[in-house]
Amino acid sequence: MVCHGEHTYLYSQIMLNILAQEPKGGSNIRRLCQELQKCANDKGLDVTPITLALSGAAAYPRACQALSSMLSRNALNPADITILYKMYNDSQYPPPPVDLIRVPSFLDLLIDALFKPHSHLNPEHKPKYIFLLSYAASVTEVYKKGVRKSINKDELKPTQQAMEKVQVLCAENKNSSELIGHVSTLFQCVKFPVIAIGVLKWVDDTVSDASYFKLNTDHTPHHLVLLDEITTNHLLLHQKALDLLTRLFESTFEDLDVLVRLELKKTVLDRMVHLFSRGCVMPVVNYIRKCQEKQDTDISLIRHFVSEVLDVIAPPYTAEFVNVFLPLIENDDITGTLRSEDGNDPVSEFICHCKANYIMT
Amino acid sequence: MASGDTALWLHNKLGSTDDLWSGKTICAQLTLEKLKNIHGCFHTLQPHVKVKLMLSFLHIPRRNVDMWKVDLEKILSMAINDTDQWVSMVGEILRPYPATGSLNLELEDNNNTFAEVLSDLRKLVKKTADVRMLPMECQFLNKTAMIATTGQQPQPIKHFALKRKPKSATLRAELLQKSTEVANNKKSN
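From first to last, the protein sequence lines stand for chains A and B. Residues in the first sequence are numbered from 9 upward in steps of one, following the numbering used here. Residues in the second sequence are numbered from 3 upward in steps of one, following the numbering used here.
Just chain B, same shape as in the assembly:
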């Protein structure tokens, strides 16, 4: 298959602008030969096809990523120099992916827009520090692990004083007593 055919194939598969989550669909059909063809035709592709093609890398089984590392990196490096900002941004984010499986979080130095947005958001994040919206896993954690993750939690607001415990306290005491009796009876039998 020549690079023109590969370009057409990519266009047919990823050309739709209605579905922007379709990168995964081409994974099963990607081959080393196709990747090599893409080197020749990458510059001719539409920006959204380039972006979707790169996002498909995330769904390729690790074994294949290891085998195709050099070719994937070559495509990413072409993308990084692309004039379209989305193409170069996604290329930059995925740059370490073929070699390490991780994403690039050091984007501030190479991208002014990213750095500006990030610095604005940082200020906002600091301002909302007292919101105390906890990560979801916190409810699972033992106290020590919880403090190690998010620090000491503030006590809830005291809306009133409690003059006596609700009826549930009596119920609890009765149940515990009954439980101890049953457990003792079982032992003595």
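If we strip away everything but chain A, and leave its shape as in the complex, we get:
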């Protein structure tokens, strides 16, 4: 509806941009603006001029032009990156507002350039990409009545340094055994959200390679342990991580032996259990319920998930959780073999507890 015509899009974005300034609930509207923009982009509509005109970029025409040429083409280029780098790294003139480069699609492009395996970034320009991405992630500005009062760059250097280290490790595309010596460095550095996104991207591309699991001999590949570390540190990346895990879980892995395939899927489920234990509860359980309902998943895998979960959880439970999880537990095909006759097993105990404390809907 909004994308019906360029005029309806313009009108809606103007309205939403005004509403996004509301102190209460404004950030929800900002997200709405971005989703509309993404939807228009996906339809192949060129909305970049409207986006930039609304971003306050007009006061910085050179930066604006550099950014718009990259966003319209959906590709970065060294010349425009250099212009932005010089403007944000200028010691003489005040830099443009950080919001100008905090454009999700621009940040995604920088992440791809730096962390996608085989991206062939020119080493001469690489520091500029790292600088801009670190700047967008770390700098804060204080505004009073629309005028910028101060810029805080305290976290810029540490973010930049950590990104440099991790980017080199990812670019060398080390395999699991070569990575081992660098695990603690990686664990330290993925504490920065922006680096975690980069590593997630890199892990995603690495494990999506058809030969990855064929060549891997570890029970749990190190790339997947990195995923655990990312979800431990960043709530906001849970959905992205779950998307990757569901994709892996649903892969057919046709080249692998049946038993190896099952073991691998259990390893993926263990990552989901980890994600679940870190607060991504309902999305994970809902997904497993969906697998059970569709009846296209080996029942032993669902059993594995259920027993791993029962191992770590204790009451009090929320009714929402019990509602979705109890049907899995009560299903005889899944948990029949996990129960003992005397009722002293986690499955029976969970059922007993729920029956006594919750009214099922």
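Simulated from the structure, these hints should not be mistaken for lab results. The structure presented is a predicted model; accordingly, all values stated were derived computationally and were not measured. For each residue, glycine too, the CB sits at the ideal point set by N, CA and C. It is possible that part of the hints are untrue.
Mimicking DSS-like on lysine-lysine, the simulated pairs with C-alpha atoms at most 27 Å apart in a straight line are [to be verified]:
1) K46/A - K125/B
2) K165/A - K199/A
3) K273/A - K145/B
4) K134/A - K94/A
5) K298/A - K169/B
6) K161/A - K145/B
7) K94/A - K136/A
One-sided excerpt, in silico: chain B residues whose CB lies under 10 Å from chain A [said to hold, decoys possible]:
8) R134
9) N187
10) S190
Keeping the supplied structure of chain A fixed, place chain B upon it in accordance with the hints.
The following block gives chain B in isolation, referenced to the frame of chain A:
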């Protein structure tokens, strides 16, 4: 080219009501002469052609906008006084564009309908403040920058108590230990 020809040209280029995103297509052919002709024929154009013509301004390279500023503004001011509401609205939104490159967000005072819709929506926005749908760039931001942008985030709902850590914790510890050993070995070699 006379203004009649320009009107015909615009009609041919932008007259279709099927494609409402076609403003950009005329940019490459816009010239100062054409803009001056449009001054004479703007009132004869169909409303949707007027709207698309103005939207094409957004796609003109900045250099040309600077050169044609006065002529673009003249067209916009005719549009602002147009009887068609879409034409006057788009004209009003684009009013500062030729001079500053930005759009007009102060529309409430001049347009009653806009003001009414906006005030209704404001109430709705306040009601949904606890939805916490974060702007997309938030996942990239360091904690300090994030708090500065959207404030403190609420903790996720606790659906259960954790009686022990999952197996992933052991795996993590083992891997870290192995990593330290390998790193130490490398140093001593």
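Hint compliance check: list the failing hint numbers for this structure, sorted ascending. The structure conflicts with hints 3, 10, although it agrees with all the remaining ones.
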